[in-house]
Amino acid sequence: MLAYLVRRLLRIIPTLFGILLIVFLMIRLVPGDPARIMAGEQATAEDVENLRRQLGLDKPIHTQFLIYLASLLQGDLGISLRTRQPVMSEILTRFPATLELSVAGMFVSILIGVPAGVISAVRRYSISDNIAMLIALFGLCTPAFWLGLMLILLFSVTLGWLPAAERGGIEHLILPAITVGMVSTAIITRQTRSSMLEVITQDYITTARAKGNPEKVVILKHALKNALIPVVTIAGLQFGTLLGGAILTETVFAWPGIGRLLVDSIFARDYPVVQGVVLFFSLSFVLVNLFVDILYAYLDPRIVYD
Amino acid sequence: MRKIIRRIKWLEKARLGAFVKILENRMAILGIIILLAFAFSAVFADFISPYDPLHIDLEKMLEKPSTKHILGTDELGRDILSRIIYGTRISLMIGVISVIIGLLFGVPLGAVAGYCGGKIDNIFMGITDVLLSFPSLLLAIAIVAVLGTSLVNAMIAIGISQIPVFARLVRGSVLSLKGREFVEAAKGVGATNFRIIFSHILPNCLAPIIVQSTLLIASGIIAGAGLGFLGLGAQPPTPEWGAMLSRGRIYIRVAPHICFFPGLTIMLAVLGFNLLGDVLRDVLDPRLRMLKARI
Amino acid sequence: MTEPLLSIRNLKVHFYTYAGIVKALDGVDLDVYREETSGLVGETGCGKSVTSLSILRLVPNPGKIVEGKILFQGENLLEKSEEEMREIRGRKIAMIFQDPMTYLNPVLTIGDQVAEAITLHQDLSEEVIRMRIDELQKKHEQIYSSPNAEKIRAKIEKLYLTKKASPKLSWWDVKKASMKRALQVLNLVRMPYPERILNLYPHELSGGMRQRALIAMSISCNPSLLIADEATTFLDVTIQAQILHLLNELRQETKTSMLIVTHDLGIVAEMCDRVLTMYAGVIIECAKTRSLFKNPAHPYTRGLLGAIPKLHQKVEKLEMIPGTVPDLIHPPAGCKFHPRCLLAKDICKVERPGMIEVESNHFVACHLYGA
Numbered sequence: 001m002l003a004y005l006v007r008r009l010l011r012i013i014p015t016l017f018g019i020l021l022i023v024f025l026m027i028r029l030v031p032g033d034p035a036r037i038m039a040g041e042q043a044t045a046e047d048v049e050n051l052r053r054q055l056g057l058d059k060p061i062h063t064q065f066l067i068y069l070a071s072l073l074q075g076d077l078g079i080s081l082r083t084r085q086p087v088m089s090e091i092l093t094r095f096p097a098t099l100e101l102s103v104a105g106m107f108v109s110i111l112i113g114v115p116a117g118v119i120s121a122v123r124r125y126s127i128s129d130n131i132a133m134l135i136a137l138f139g140l141c142t143p144a145f146w147l148g149l150m151l152i153l154l155f156s157v158t159l160g161w162l163p164a165a166e167r168g169g170i171e172h173l174i175l176p177a178i179t180v181g182m183v184s185t186a187i188i189t190r191q192t193r194s195s196m197l198e199v200i201t202q203d204y205i206t207t208a209r210a211k212g213n214p215e216k217v218v219i220l221k222h223a224l225k226n227a228l229i230p231v232v233t234i235a236g237l238q239f240g241t242l243l244g245g246a247i248l249t250e251t252v253f254a255w256p257g258i259g260r261l262l263v264d265s266i267f268a269r270d271y272p273v274v275q276g277v278v279l280f281f282s283l284s285f286v287l288v289n290l291f292v293d294i295l296y297a298y299l300d301p302r303i304v305y306d
Numbered sequence: 307m308r309k310i311i312r313r314i315k316w317l318e319k320a321r322l323g324a325f326v327k328i329l330e331n332r333m334a335i336l337g338i339i340i341l342l343a344f345a346f347s348a349v350f351a352d353f354i355s356p357y358d359p360l361h362i363d364l365e366k367m368l369e370k371p372s373t374k375h376i377l378g379t380d381e382l383g384r385d386i387l388s389r390i391i392y393g394t395r396i397s398l399m400i401g402v403i404s405v406i407i408g409l410l411f412g413v414p415l416g417a418v419a420g421y422c423g424g425k426i427d428n429i430f431m432g433i434t435d436v437l438l439s440f441p442s443l444l445l446a447i448a449i450v451a452v453l454g455t456s457l458v459n460a461m462i463a464i465g466i467s468q469i470p471v472f473a474r475l476v477r478g479s480v481l482s483l484k485g486r487e488f489v490e491a492a493k494g495v496g497a498t499n500f501r502i503i504f505s506h507i508l509p510n511c512l513a514p515i516i517v518q519s520t521l522l523i524a525s526g527i528i529a530g531a532g533l534g535f536l537g538l539g540a541q542p543p544t545p546e547w548g549a550m551l552s553r554g555r556i557y558i559r560v561a562p563h564i565c566f567f568p569g570l571t572i573m574l575a576v577l578g579f580n581l582l583g584d585v586l587r588d589v590l591d592p593r594l595r596m597l598k599a600r601i
Numbered sequence: 602m603t604e605p606l607l608s609i610r611n612l613k614v615h616f617y618t619y620a621g622i623v624k625a626l627d628g629v630d631l632d633v634y635r636e637e638t639s640g641l642v643g644e645t646g647c648g649k650s651v652t653s654l655s656i657l658r659l660v661p662n663p664g665k666i667v668e669g670k671i672l673f674q675g676e677n678l679l680e681k682s683e684e685e686m687r688e689i690r691g692r693k694i695a696m697i698f699q700d701p702m703t704y705l706n707p708v709l710t711i712g713d714q715v716a717e718a719i720t721l722h723q724d725l726s727e728e729v730i731r732m733r734i735d736e737l738q739k740k741h742e743q744i745y746s747s748p749n750a751e752k753i754r755a756k757i758e759k760l761y762l763t764k765k766a767s768p769k770l771s772w773w774d775v776k777k778a779s780m781k782r783a784l785q786v787l788n789l790v791r792m793p794y795p796e797r798i799l800n801l802y803p804h805e806l807s808g809g810m811r812q813r814a815l816i817a818m819s820i821s822c823n824p825s826l827l828i829a830d831e832a833t834t835f836l837d838v839t840i841q842a843q844i845l846h847l848l849n850e851l852r853q854e855t856k857t858s859m860l861i862v863t864h865d866l867g868i869v870a871e872m873c874d875r876v877l878t879m880y881a882g883v884i885i886e887c888a889k890t891r892s893l894f895k896n897p898a899h900p901y902t903r904g905l906l907g908a909i910p911k912l913h914q915k916v917e918k919l920e921m922i923p924g925t926v927p928d929l930i931h932p933p934a935g936c937k938f939h940p941r942c943l944l945a946k947d948i949c950k951v952e953r954p955g956m957i958e959v960e961s962n963h964f965v966a967c968h969l970y971g972a
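Chains as they are written, first to last, in this note's numbering: chain A, 1 to 306; chain B, 307 to 601; chain C, 602 to 972.
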């Protein structure tokens with residue numbers, strides 16, 4: 001198990017390097033003169049040169065990269081051009097909000113998706129199965145931002161039950177969590193269902209029944225543990241979709257997270273912040289996938305012998 | 307008596323299973339109808355659109371759906387139905403072109419990686435891994451942030467985010483087909499590696515590629531609308547569905563129809579492609595086994 | 602003759618598929634006697650596995666038991682509730698399955714799976730008390746002279762007294778006790794390094810060890826009837842011999858009745874007291890092993906025996922039964938074997954033969970015999 005973990009960690013290193021490289025290149029790939037664009041249209045030539053020197057854009061590119069890496073190790077992501085605050089603190093103040101939203105979304109999708117998938121599989125072709133699959137299909141196709149707006153329309157504007165914006169108590173979290181989690185719920189439901197269907201026809205389920213196990217134990221102990229293995233992988237990948245969806249959901253619900261920060265910074269040409277947020281998002285995703293791989297190894301004892 | 311009851315229930319169950327099969331086919335028909343409707347609107351927009359989508363009429367702004375404007379008007383008095391019809395062109399373009407970009411770069415990438423193995427495989431898959439470690443929407447947003455906000459850049463961005471998906475898919479297929487006899491036969495006749503990959507192996511991978519393309523057109527449409535919603539795609543006054551939603555947000559209390567209809571359209575378009583993809587998967591998959599290798 | 606332990610009468614099982622109704626079992630009559638081993642022989646697809654699954658009422662969808670009686674220890678299993686069946690499965694009737702790789706759950710340890718039936722069916726309170734007494738006695742030996750010794754001795758005495766009543770069993774107690782019993786069972790099946798095996802997963806064991814694990818699972822609660830469904834088909838020949846040897850020893854030690862379902866006549870010859878031949882969902886011959894091998898009555902049985910290569914005879918060609926297994930959706934009328942039978946008469950095409958006794962305790966369903 002330990003060897004597997006070490007191997008897995010080693011495999012991340014080139015990926016991490018690639019991520020850092022891409023994020024680093026982001027500013028430098030902007031067509032035209034990045035310093036000029038960032039300085040804005042009002043800036044004088046002198047301002048542009050100052051900015052260029054400040055951002056280190058005048059140095060040769062490999063030097064820039066090394067400086068970049070060095071700053072990263074110290075936790076320095078640069079300074080926001082808009083607010084003149086360190087990018088790191090801008091991100092860190094808002095990151096918990098995004099985290100809260102994404103985790104809530106993941107929660108919703110697993111809490112609804114897995115049981116729905118299991119019930120659908122066990123009661124194949126029944127009414128509940130058909131309804132669940134229909135809902136899943138529509139959930140898959142519904143754009144998150146539209147869903148958010150419609151939910152606001154229904155629950156805030158028309159019914160007045162739930163608030164439409166900002167972060168706060170749990171009632172503020174409900175609509176955004178459903179919005180951001182809808183697609184994942186649909187995908188997890190489908191995947192759990194097909195996984196369970198495959199497992200239920202396996203021979204070892206017959207053995208479990210032949211020992212006199214009640215059907216509930218057969219499904220939950222014998223079948224589910226096997227069926228969850230591919231679902232876990234999908235759930236991990238879905239976290240990425242959730243992060244992307246968070247960007248849209250934060251915009252709809254005026255949620256104070258790094259997704260909104262990203263969009264605002266793009267329009268303000270605040271590239272250091274854009275860089276920082278992209279880095280944050282992708283690192284979170286990598287970490288989640290690493291965690292998923294470890295969980296996978298725990299669930300499926302066969303995988304360690306890779 | 308009990309036996310008879312059991313038998314009846316049993317037959318009902320068996321028929322219900324058959325019913326579901328028919329239903330699945332009905333879904334397929336629905337999907338195809340939807341897609342045909344959208345394709346039709348895209349091509350014949352000029353003919354079927356009741357108004358000019360860009361025509362501003364401030365006197366008629368925020369009108370609810372009526373007989374004159376079937377889906378109502380937006381905040382600048384433009385007819386929503388017309389804008390949705392013209393928007394079909396944009397969204398379909400985004401969907402299709404991004405998939406073309408994904409195919410153009412992803413398929414060769416994956417094919418060469420799978421076929422050659424070794425260092426090349428590691429390098430190519432390393433690139434793919436890095437691309438895949440960005441959530442796809444984020445990658446698209448980042449690319450648009452760098453290149454600038456426009457429809458073309460949105461298509462490029464989404465296309466790039468789809469490259470690793472195709473690469474992985476094709477690599478998997480190629481890996482499993484690499485050892486088959488027809489490859490050996492082609493080598494024996496002296497075919498170059500290039501020829502083997504593109505004339506022999508790839509045609510046998512077509513089925514999953516086709517299915518995945520259809521599904522990715524669907525996700526491309528949603529991604530395009532998402533970018534539009536954030537203001538990162540087609541710029542006003544282009545009638546893009548996501549952008550329409552975004553601008554309609556502030557009026558949601560007084561004129562919810564501005565948000566409702568474009569969003570519904572997005573959902574229908576995505577539904578159509580998803581249904582088509584599911585159908586293709588069912589149709590092509592079993593036949594895949596019987597698809598004979600082209601030698 | 603004593604009453605049979607298991608008595609199947611006129612069992613009919615149908616599978617409702619899109620292509621039609623498959624009559625997998627079309628009136629099966631079968632008896633298994635106490636402390637005896639019966640063999641059920643037939644080609645693939647004749648319905649042997651369906652028969653064994655029916656006994657436990659585990660016939661998979663879309664199959665359904667449509668008619669018949671299965672009498673076990675005098676009671677009809679087909680009339681029992683699902684809950685009553687669950688008490689019987691694994692405990693009174695147990696099954697050894699054929700493919701040790703696919704019939705073991707890959708994500709659960711061997712110990713977990715072997716202990717499962719034990720946990721389900723057995724009262725472990727005595728085991729738990731014994732374990733506690735052992736622990737306390739060990740402690741007692743260590744601190745023999747100290748004042749605490751008195752307290753411990755008192756505890757032990759109290760536990761001896763409570764042996765009759767069942768104490769409250771914690772989950773942990775049950776787990777330890779069932780693992781202990783599982784270890785005993787693994788020893789019974791001569792599993793090498795049983796303590797280590799308890800914590801291993803199926804993919805870490807060899808084929809023979811996995812099959813031993815399967816056998817261990819089935820005998821763990823001392824069932825009255827053990828059904829071995831092609832238990833050695835997926836094993837190498839050498840391992841097969843070991844497993845058969847094991848089964849032989851077990852049946853002599855525990856005197857369990859066994860039903861061995863197989864297509865291999867060699868296994869039948871080695872293990873069974875009684876043999877039944879099956880074809881296309883019906884039993885066509887039933888006799889003591891020796892009688893059957895000496896005087897095979899039914900043409901099909903004769904064909905089966907004739908198809909075995911014999912080392913002591915010089916034969917030019919192996920005898921073959923012409924034709925193929927019939928379509929069970931549209932089975933042949935009359936005797937199911939008649940299309941392939943070289944001795945078929947007109948009556949065979951019309952009327953299904955009943956079981957006729959041709960010699961003592963040797964029955965056959967064939968129009969060639971009797972009136």
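Derived by calculation from the structure, the hints in this document are not laboratory data.
Incorrect hints may have been included.
Stretches of chain C that chain A covers, calculated by requiring three or more beta carbons in the stretch to come under 8 Å of a beta carbon on chain A [claimed, not checked]:
{"no.": "1", "segment": "657-664"}
{"no.": "2", "segment": "694-705"}
{"no.": "3", "segment": "716-725"}
Here are some of the chain B residues that sit facing chain A, going by a computed Cβ distance under 8 Å [claimed, not checked]:
{"no.": "4", "residue": "A348"}
{"no.": "5", "residue": "A351"}
{"no.": "6", "residue": "S439"}
{"no.": "7", "residue": "G454"}
{"no.": "8", "residue": "S456"}
{"no.": "9", "residue": "L457"}
{"no.": "10", "residue": "G532"}
{"no.": "11", "residue": "L536"}
{"no.": "12", "residue": "I556"}
{"no.": "13", "residue": "Y557"}
{"no.": "14", "residue": "I558"}
{"no.": "15", "residue": "R559"}
{"no.": "16", "residue": "V576"}
{"no.": "17", "residue": "N580"}
Derived pair list, reagent style DSS-like, types lysine-lysine, alpha-carbon separation capped at 25 Å [as the list claims (entries may be wrong)]:
{"no.": "18", "chain 1": "C", "residue 1": "K777", "chain 2": "A", "residue 2": "K216"}
{"no.": "19", "chain 1": "A", "residue 1": "K216", "chain 2": "C", "residue 2": "K739"}
{"no.": "20", "chain 1": "C", "residue 1": "K739", "chain 2": "C", "residue 2": "K776"}
{"no.": "21", "chain 1": "C", "residue 1": "K776", "chain 2": "C", "residue 2": "K756"}
Glycine included, each C-beta is placed from N, C-alpha and C at the ideal position.
- When the hints from earlier in the document are held up against this structure, which numbers fail? 4, 5, 8, 9, 12, 13, 19
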